[in-house]
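Novice: Based on the provided sequences and hints, a complete structural model is requested.
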Amino acid sequence: MKSRDGAIDKGLARHLYRRVLRLVSVAEQPHTQRIAQVQWAEFMPSQVWIAPDDELRRIVRRSFEAPHTPSTLTNAFAFLKEARSSLFSIWVLAEWERLEEKQDPWDVYDGMALMSAALHGACVGCDSQQSFERCIKDYQMGIRSCVQNIAQSVQERMDVRSLEAGRAKDLNTFVRLVREASTLERREAKPADFSFVSLLQSHCASEYVLNIVLVFVLRALDIHSTLVGADLSFRWVRVMPRKNTPPIFAPGPTAPCDGGRSSNSSALLTHNGIALSHGTPRSERASFARCCSASWGVSLATWTRAPRVSCPPARSKFSFFSPDRVEGR
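If you read the sequence shown in the working numbering, its first letter stands for residue 1165, the second for the next number, and so on.
There's no promise every hint is true.
[What the hints assert, rightly or not] Distance condition first, Cα-Cα at most 25 Å in a straight line; then the derived DSS-like pairs of lysine-lysine: (1) Lys1354 with Lys1301; (2) Lys1266 with Lys1301; (3) Lys1245 with Lys1174.
Source of the hints: derived by calculation from the structure; they are not laboratory data.
Specialist: Given below as structure tokens:
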């Protein structure tokens, strides 16, 4: 670090340089460096030119080699104080970008696992990107195991191929068996209820997450299904029979969801019911992905800035399931 008047002690500059290098080294993975550049650009000296493919170490070296003013030194201390707290958000954003860059449309499993790991890490802390990646894999394995157990229990008690015929009574049987096998309850009291965190820790989840679980169970049984109305206050799950059968819908109220504090909701896992129809889910899946990306971003930003607190389990006193039956039109 060069000073015009030589007032800055070289030992102090060397100490700062080493501390900054240690800090940026935890964000040197290829998929995190560009995000870190954007997040930390405000701390760079104005006379330092940064290219998109520059390594963080090279940027740090050029920053300390550039002529500086007393404010530059103050900025270096501010960087050491604030940059560490921003590491977690950089890791989360990097994982989102990796997910979006996949050639095929990203799977709901991966998106929900990433969001859940981000909520968990913001709550209890996360010390490295590697531990964050392990947390994502843990949630992926946890929900897949949960879904497989439910699917196996249902498969042992009914012929799931009967769902392909599009008969209401078969779907009602499936609804009842999933309700009995899952032992899950609806709760919408905290951010964790909108992820796999509460589902795996407390057997509670929001209506929206429970809809996703239902889709996972159907897909585990090789029954085509998708989420419908992801951007609306009323939502349901659509099942596409393989045979040319007429659509079957579950009746339900038209009022918006009351936040899970009333037991008057109708249909399985949903506020408005389950739809049984045939067709392609591509446009609905794309709409669901866009909607979820926006809503997850809000939740993630809130939790990232929140203080670290414990997440005690809690259960609601009512079931999110409803005795309403699926009926055909």
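Novice: So which of those numbered hints doesn't the model satisfy?
Specialist: none
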